[in-house]
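Numbering (UniProt numbering), first residue to last: 1 to 366.
It is worth saying that the hints were derived from the structure and are not from the lab. Ideal Cβ positions, reconstructed from N, Cα and C, are used throughout, including at glycine. It is possible that part of the hints are untrue.
[What the hints assert, rightly or not] Derived Cβ-Cβ restraints for the label pairs, each shown as a range:
hint : residue 1 : residue 2 : range
1    : 24        : 342       : 42 to 52 Å
2    : 342       : 297       : 21 to 31 Å
3    : 193       : 330       : 46 to 56 Å
4    : 310       : 331       : 22 to 32 Å
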Amino acid sequence: MIVTDDFYSTRQNSRKLFDDGFQNNAFNQYASDMISVHRSLPQVADPKCYHKKYPKLKSLTTSVIICFHNEAWSALLRTVHSVSERTPPELLKEIILVDDCSDKEAYVSSRLTTPVRILRLSQREGLIRARLRGASAAKGDVLTFLDSHCECTERWLEPLMARIAEDSHNVVCPVIDVISDDTLEYSYSPSGFINVGGFDWSLQFNWHPIPELKMHPTERSKSPTMAGGLFSISKDFFEYLGTYDPGFDIWGGENLELSFKSWMCGGRLEIAPCSHVGHIFRKRSPYKWRTGVNVVKRNSVRLAEVWLDDYKQNYYDRINNHRKALREKLKCKSFQWYLDTVYPELFIPGEAVASGEVSAQSIFQN
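Could you put the whole structure together from the sequences, leaning on the hints where they help?
Here it is as structure tokens:
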């Protein structure tokens, strides 16, 4: 075998494409670009799922909302095609792509056909506000949110829509399968094995397996929380709940906030085992944001204050432990000492004699 300079040049170029793709996307874009955007996927749900009938779906349509920023073109296309090719057309009102101010060249082009709509944001908004822009533009009865590096399997949408058709206060998530960030292999658990969402007192989302005695391969399972990337919700119910908290910034905590208020304000959160969507789970975020602000912690503090009631102290105890230890080590004085000694003139609302509205009647009245 004769090895030419072109061979080494090709290997070097391939290595650069691989490295650049991983750096820019936090997954193997090189592999993604080599895989068909129409690739077939196995039937991953329980066989009984493919024989279920959903007679109540005729009156509902959904808007699928996909937000992205500088997403790898092949991954985004594969997401869109998996939706359009595996969704009954009578259920799919539109696919809304929200371009969160990508600074790549205009790579979302006319190759995407109806019913795809593209909203381009003039400034970087972050996931939460980008989703809100998509939701406000949506024309479907149901909002279905997906991330921009997903793949939907056959009959993924019908189980989600069926539960909302039964009760518009149901918020329904698919089973989320794993697409390898390295090889893009589609992996899934045996049918009947389902995790549901939970959280810890640091307000971090986590997964919990359902005990075997409570498993049913085709029946929905209630979930205390959701991961937040993939779910369907009635547009009316989403607006009734106040949508996402507009005080949240960029991303982080919005999944728990929507989970808590769905349950606490008359709704129900479920995982539908007959619905499967694959998702590329990245080990890091490839996006850059302004420095100096921990938006996840900021959002979590707001979440704790609004929704956790007296249990918020469990959150504060966990995020402040190391700082409290430092204060004790330094033998710092109390805040009462600070108020008494340094700033005694500061008005303290809780120590007011009375509070309320003050009004005066006209001095010209007889």
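Hint check results:
no.: 1; hint: 24 with 342: 42 to 52 Å; in the structure: holds, 50 Å
no.: 2; hint: 342 with 297: 21 to 31 Å; in the structure: holds, 28 Å
no.: 3; hint: 193 with 330: 46 to 56 Å; in the structure: holds, 50 Å
no.: 4; hint: 310 with 331: 22 to 32 Å; in the structure: holds, 30 Å
Violation of the numbered hints given earlier is absent; every hint is satisfied by the structure.
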